[in-house]
Amino acid sequence: MTMTRRDLVRGLGAGVLGAVALSGCGDGLRRGGGGKETTPGPTGPELSEPDVPLVIGQIGANYGRMASFEEAIAISLDEARIDVNARWGGLFGHEVALLERHVMEKPGEDLGPVIQAFADSGATCVITSIDEESLTAAMPALVEAGMVVIDVFTSGMSVRDPEVQTANLLVRLSPNDQILAAQYGEAALSASSDRGGDPGTVAYVSEDTAQGRSLAHELGEFLHPNGGEIVSEQFYPVGDFGDAKKRVAKVLTTPPALLVFNGGAEAAPFLSALYEETLDEGQRPTIEFPKRLSPAATLDYSQLPVAEDLAPKCLASATGYEPGSDITVDHQNMMLNRSSDFLREGYAYSQQGYDAFTMVCLAAQHALSVTGTALAAALPAILTGAEGCPDYGTCRGVMRTAMEADGKATISYTGRMGKLELGPHADARIGELREYSWSEANVMEAGRATGFEAPQ
1 MTMTRRDLVR GLGAGVLGAV ALSGCGDGLR RGGGGKETTP GPTGPELSEP DVPLVIGQIG
61 ANYGRMASFE EAIAISLDEA RIDVNARWGG LFGHEVALLE RHVMEKPGED LGPVIQAFAD
121 SGATCVITSI DEESLTAAMP ALVEAGMVVI DVFTSGMSVR DPEVQTANLL VRLSPNDQIL
181 AAQYGEAALS ASSDRGGDPG TVAYVSEDTA QGRSLAHELG EFLHPNGGEI VSEQFYPVGD
241 FGDAKKRVAK VLTTPPALLV FNGGAEAAPF LSALYEETLD EGQRPTIEFP KRLSPAATLD
301 YSQLPVAEDL APKCLASATG YEPGSDITVD HQNMMLNRSS DFLREGYAYS QQGYDAFTMV
361 CLAAQHALSV TGTALAAALP AILTGAEGCP DYGTCRGVMR TAMEADGKAT ISYTGRMGKL
421 ELGPHADARI GELREYSWSE ANVMEAGRAT GFEAPQ
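Numbering (the numbering used here), first residue to last: 1 to 456.
Any given hint could be a false lead.
[Claimed, not checked] Below are the EDC-like pairs computed for lysine to aspartate or glutamate, each with C-alpha atoms no more than 20 Å apart in a straight line:
#: 1; residue 1: Lys106; residue 2: Glu133
#: 2; residue 1: Lys250; residue 2: Asp240
#: 3; residue 1: Lys408; residue 2: Glu432
#: 4; residue 1: Lys419; residue 2: Glu445
#: 5; residue 1: Lys106; residue 2: Asp208
#: 6; residue 1: Lys419; residue 2: Glu432
#: 7; residue 1: Lys313; residue 2: Glu445
#: 8; residue 1: Lys106; residue 2: Asp240
#: 9; residue 1: Lys245; residue 2: Glu308
#: 10; residue 1: Lys245; residue 2: Glu233
#: 11; residue 1: Lys246; residue 2: Glu276
[To be verified] Label-pair distances were calculated between CB atoms; the ranges are:
#: 12; residue 1: Glu308; residue 2: Ser339; range: 24 to 32 Å
#: 13; residue 1: Gly89; residue 2: Gln303; range: 34 to 42 Å
#: 14; residue 1: Tyr236; residue 2: Gln456; range: 27 to 35 Å
#: 15; residue 1: Lys106; residue 2: Gly227; range: 39 to 47 Å
#: 16; residue 1: Ser339; residue 2: Ser192; range: 37 to 45 Å
#: 17; residue 1: Lys106; residue 2: Ala386; range: 45 to 53 Å
#: 18; residue 1: Pro312; residue 2: Leu343; range: 21 to 29 Å
#: 19; residue 1: Asp198; residue 2: Gly451; range: 25 to 33 Å
#: 20; residue 1: Gly112; residue 2: Leu252; range: 34 to 42 Å
#: 21; residue 1: Gln165; residue 2: Leu343; range: 36 to 44 Å
#: 22; residue 1: Gly89; residue 2: Ser340; range: 24 to 32 Å
#: 23; residue 1: Ala405; residue 2: Gly451; range: 33 to 41 Å
#: 24; residue 1: Leu304; residue 2: Gln165; range: 39 to 47 Å
For the record, the hints were derived by calculation from the structure and aren't laboratory data.
Quick reminder that beta carbons are idealized off the backbone N, C-alpha and C, glycines included.
Full structure from sequences and hints, please.
As structure tokens, then:
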């Protein structure tokens, strides 16, 4: 089915309708009857909740950097489904359906049949946590099916290339590479170690992926106008880091002000080799500069088998990050009730999974529609309204109570991720992320949340 311009306009109209004054609502929205008599508005159709279920598809991946987070994302989505349906009574008088999760096992899989199966089951939304290449390849089929896509994982800017036709149906919840590059670039420009390189110089080591190339490009774009530069750049195949000592030697050829490591658990052996190479006869580092690690490398290595092979203090100058605000006790308990392994593995991207499900349900309530285009139009609005609320039950209650009183209410949902606003291309514009550090014994310490905002 090809989406026409008329379909897009009709769907977007439904989304906009949910944001205007909700007047002339029928008594069908009154609970228990006995409400005051109302005078219908002079114009506009009567608004009411549709008698139709919301159906959501989900696609994950169990390879590459996504594999580390697959279980956490899948569980968080299911927990959100349980909360919405069992705790708060679903949506529009129906349970919200979360279709069986499709998990990609290798890159390059054709997702067309999966998307068609979702469409045949009535899905109008798909929540994804896949790589940039796969998401880009899937977008034509998703657009044709008229599904809004909420991606909790990708950051690469290749997904936003002009030739990738998203029809305004793609929303991304994690900070993109422009935001990450600005944060890394500012750290490099402000570095002042007398044992490191000139301020603004960066050594970049990354998996060779679309996201890895995207971040390198955005980092260069940020540094060059500010007098900085990438002084060494190394890409390696996913799962094949190669000789760590050779990579260390290349970094130290021109010591940088900052090292950015955009990979996975191979970060710790590499940083250990780097640290040992800089020690003098008295075991003091002669070259020293800060390091920044990606989410897949932000691990408590003291709990992993590699711990005994790591040099003490090798991670002491490193900072890792995960997208999202502080992990609350409720969120932690929710995850640990499903698996105690999260004590060791952490909770990265689980907040995004939980909020993605909740947000699409709130968007449907806002738009009074489950069509993909209406949901896409409503998603930015539920994050910036007048009434702040922290969960599905409270937020939906605000909107329904206002309708029953022949009034209106717009909500500002602040969920498990913390504060979030979307930019003009529906990428996260304002949000939070957690920064992590390591002790001299290579124990990862508690994260602390800090805000981010997209550069102008």
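So, going through the hints one by one against the coordinates:
no.: 1; hint: Lys106 - Glu133; in the structure: holds, 12 Å
no.: 2; hint: Lys250 - Asp240; in the structure: holds, 17 Å
no.: 3; hint: Lys408 - Glu432; in the structure: violated, 29 Å
no.: 4; hint: Lys419 - Glu445; in the structure: violated, 23 Å
no.: 5; hint: Lys106 - Asp208; in the structure: holds, 16 Å
no.: 6; hint: Lys419 - Glu432; in the structure: holds, 7 Å
no.: 7; hint: Lys313 - Glu445; in the structure: holds, 14 Å
no.: 8; hint: Lys106 - Asp240; in the structure: holds, 16 Å
no.: 9; hint: Lys245 - Glu308; in the structure: holds, 18 Å
no.: 10; hint: Lys245 - Glu233; in the structure: holds, 15 Å
no.: 11; hint: Lys246 - Glu276; in the structure: holds, 13 Å
no.: 12; hint: Glu308 - Ser339: 24 to 32 Å; in the structure: holds, 26 Å
no.: 13; hint: Gly89 - Gln303: 34 to 42 Å; in the structure: holds, 40 Å
no.: 14; hint: Tyr236 - Gln456: 27 to 35 Å; in the structure: holds, 34 Å
no.: 15; hint: Lys106 - Gly227: 39 to 47 Å; in the structure: holds, 43 Å
no.: 16; hint: Ser339 - Ser192: 37 to 45 Å; in the structure: holds, 43 Å
no.: 17; hint: Lys106 - Ala386: 45 to 53 Å; in the structure: holds, 47 Å
no.: 18; hint: Pro312 - Leu343: 21 to 29 Å; in the structure: holds, 24 Å
no.: 19; hint: Asp198 - Gly451: 25 to 33 Å; in the structure: holds, 29 Å
no.: 20; hint: Gly112 - Leu252: 34 to 42 Å; in the structure: violated, 47 Å
no.: 21; hint: Gln165 - Leu343: 36 to 44 Å; in the structure: holds, 43 Å
no.: 22; hint: Gly89 - Ser340: 24 to 32 Å; in the structure: holds, 31 Å
no.: 23; hint: Ala405 - Gly451: 33 to 41 Å; in the structure: holds, 35 Å
no.: 24; hint: Leu304 - Gln165: 39 to 47 Å; in the structure: holds, 42 Å
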